[in-house]
Every structure is written in C-alpha cells, then in structure tokens.
Amino acid sequence: MKFPNASTVRKVLRILLGALMIWAALGKLADPQGFLAAIYGYELPLHETILRSSAIALPWLELLCGLVLLVGFWNESSLAILIGLMAVFVVATGQAWFRGLDISCGCFGTSLEENSILGSVAFAFFRNIALCALVGYLWLSAVKTEVSGAVGD
Amino acid sequence: MADRPEKSAAAGRVWKLIAARAPLLVAISLVLGLAFNAKNPNRIPLVQEPTELQTGNLSPPSGDLAEPEGRGPRLKNVTKSVVLIPSKRPTGLAEEEN
Numbered sequence: 001m002k003f004p005n006a007s008t009v010r011k012v013l014r015i016l017l018g019a020l021m022i023w024a025a026l027g028k029l030a031d032p033q034g035f036l037a038a039i040y041g042y043e044l045p046l047h048e049t050i051l052r053s054s055a056i057a058l059p060w061l062e063l064l065c066g067l068v069l070l071v072g073f074w075n076e077s078s079l080a081i082l083i084g085l086m087a088v089f090v091v092a093t094g095q096a097w098f099r100g101l102d103i104s105c106g107c108f109g110t111s112l113e114e115n116s117i118l119g120s121v122a123f124a125f126f127r128n129i130a131l132c133a134l135v136g137y138l139w140l141s142a143v144k145t146e147v148s149g150a151v152g153d
Numbered sequence: 001m002a003d004r005p006e007k008s009a010a011a012g013r014v015w016k017l018i019a020a021r022a023p024l025l026v027a028i029s030l031v032l033g034l035a036f037n038a039k040n041p042n043r044i045p046l047v048q049e050p051t052e053l054q055t056g057n058l059s060p061p062s063g064d065l066a067e068p069e070g071r072g073p074r075l076k077n078v079t080k081s082v083v084l085i086p087s088k089r090p091t092g093l094a095e096e097e098n
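Chains as they are written, first to last, in the numbering used here: chain A, 1 to 153; chain B, 1 to 98.
Chain A extracted, bound-state conformation (with noise of 0.2 angstroms):
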C-alpha cells in the first residue's frame, strides 16, 4: 500500500480547512443577528463598535479565506489570516471557559448544536487550538514552499 506524501496530506488538509471556514461562515452569514447576540454573549471588554464591525466582518473574513483555501490562490496571506483569527478565537473562548460562563460557542453559527457538548465554550476552545496548530503547520510548510520556489530549489 503506499501512502500519500506530505504535500498531498497538506493539500487535502487545506482544502478541508477552506470547506470548514465557509462552512462557519455560512452558518453566520444566515442569522447576523444571532451571531451578535453570541458575540455578546462573550462579555468582552471592547467597544460597542468593535463588536458589531467584527459580527459583520468576520463571517465575510472566514468566508473569503475559506474561498481562497480551497482554489490555491495566495495561501500563505488567508492562512496568516487564519492564524491571527484562531489566536483571538482561542483567547475569547478561554476566557468565556475560565469565567465559567454558560454560553453556546457561535462558531457554525446558533442554529447549530446549541445546548450540546459540541457547541459549548470548552470544547470550542481545544478545538480551536487545534485548529491554530493545523493553520499554523500549513502557514509554515506554504511559507516554504513559496521561498524554495523563489530560490528555484
């Protein structure tokens, strides 16, 4: 049997990392409303402002990075991207966790798994790390692969 070499894992790892960002953003995009009241729901210490920018922006960011994962076009920028947004994710559902607050995640949106194991802040936040060690191995490998492509190794 022979296995797949590391650049087709990485590969199929991006493109399941783009279906799971557009898949989130969807979720979002369909209720706007719900993922402000989630977002809310977070009891950051920001401005009014910043919270709402972020419930309209954010679901377009996933959406447009997810976009880009999946054709192959300027991958190292959506994965930096990625990175700066799963670090915020890890750090805005740790401290939900830490304060020990009963709130659904809003990460697919509120429909979705609301008062189960899936949706709750804990969980979220280990899948999120996850998820920041995943982006952060396909950011380095395409990072790279990008120079090694301009010194024409």
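In case anyone wonders, no lab produced these hints; they're calculated from the structure. A portion of the hints provided could be inaccurate.
What the hints assert, rightly or not - Here are some chain A residues the structure puts well away from chain B; computed CB gaps all over 10 angstroms:
hint, residue
1, Pro32
2, Val90
3, Val143
Unchecked claim - Here are the simulated DSS-like pairs of lysine-lysine, each with C-alpha atoms no more than 25 angstroms apart in a straight line:
hint, chain 1, residue 1, chain 2, residue 2
4, B, Lys39, A, Lys144
5, B, Lys16, A, Lys11
6, A, Lys11, B, Lys7
7, B, Lys7, A, Lys144
8, A, Lys144, A, Lys11
Where is the CB? At the ideal position from N, CA and C, for every residue including glycine.
Starting from the known structure of chain A, arrange chain B on it as the hints suggest.
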C-alpha cells in the same frame, strides 16, 4: 551556504506579499460585509440605535394622565386618604368568641 542570501531575499519577498495581501483580504471582507449588511433586512446597526426614551419620542399618554405641555405625566384628581389599620383585634369580637 551560498544560497543563504538568496533564501533570505526570497523570504523577504514572501513577507512583503503577505503584508500586502492580508490587509487586502481584510478590506475586501469588510466592504462585502458592509454592503451585505446594508441590504439585509435583518441587519446589524454599526452604532446602537437610541431608544425611545433617549430620543424623547414617547407617545403622549391618554386619558386622565395626559399632559399637553409634554412635561411628563402627572397624576390628576388624586386625593389623599388615610387608612387606619387596627393593631389589635376589637375587644367586642374577642368577647363574642368566648
């Protein structure tokens, strides 16, 4: 060893590309989000809309509580009354029970 300057130059170019494209992606998503939000009936206002109390657009009260000058409702035709509540049972009732 010989290709180290080349590699660092290439890495610099990649960083420059990331620095140029990432803000572009963020800007595009912000524009798309604002455009979609403006057309969406279930939209999110960027600033919190003032409540009726803050704007002073409360509908005037009707009936006896109406105040045409708009200085807020004021009770009319209210007379003061004092209700006396006995602290002890009347002595007559106690005698009847016995």
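**Request:** Could you grab the alpha-carbon distance between Lys16(B) and Lys11(A) and see if it respects the 25 angstroms cut-off?
**Result:** Holds, because 24 angstroms separates the two Cα atoms, which is no more than 25 angstroms.
**Message:** At 10 angstroms, judged by beta carbons, does Val143(A) keep clear of chain B as stated?
**Reply:** Non-interface label fails for Val143(A): nearest chain B Cβ at 6 angstroms, not farther than 10 angstroms.
**Item:** Minimum Cβ-Cβ distance from Pro32(A) to chain B exceeds 10 angstroms
**Value:** About 5 angstroms separates Pro32(A) from the closest Cβ of chain B, which leaves it inside 10 angstroms; violated.
**10 angstroms cut-off, C-beta based - Val90(A) kept clear of every residue in chain B** = For Val90(A), whose nearest Cβ neighbour in chain B is about 19 angstroms away, the distance exceeds 10 angstroms, so it holds.
**Asked** Holds or violated: Lys11(A) with Lys7(B), Cα cutoff 25 angstroms?
**Response** holds (24 angstroms)
**Restraint status (C-alpha distance of Lys39(B) to Lys144(A) at most 25 angstroms)** = violated (42 angstroms)
**Message:** Checking one constraint from the list: CA of Lys7(B) to CA of Lys144(A), max 25 angstroms. Satisfied?
**Reply:** holds (10 angstroms)
**Straight-line alpha-carbon gap Lys144(A) to Lys11(A), limit 25 angstroms** = holds (14 angstroms)
Of the hints listed earlier, those the structure fails to meet are numbers 1, 3 and 4, in rising order.
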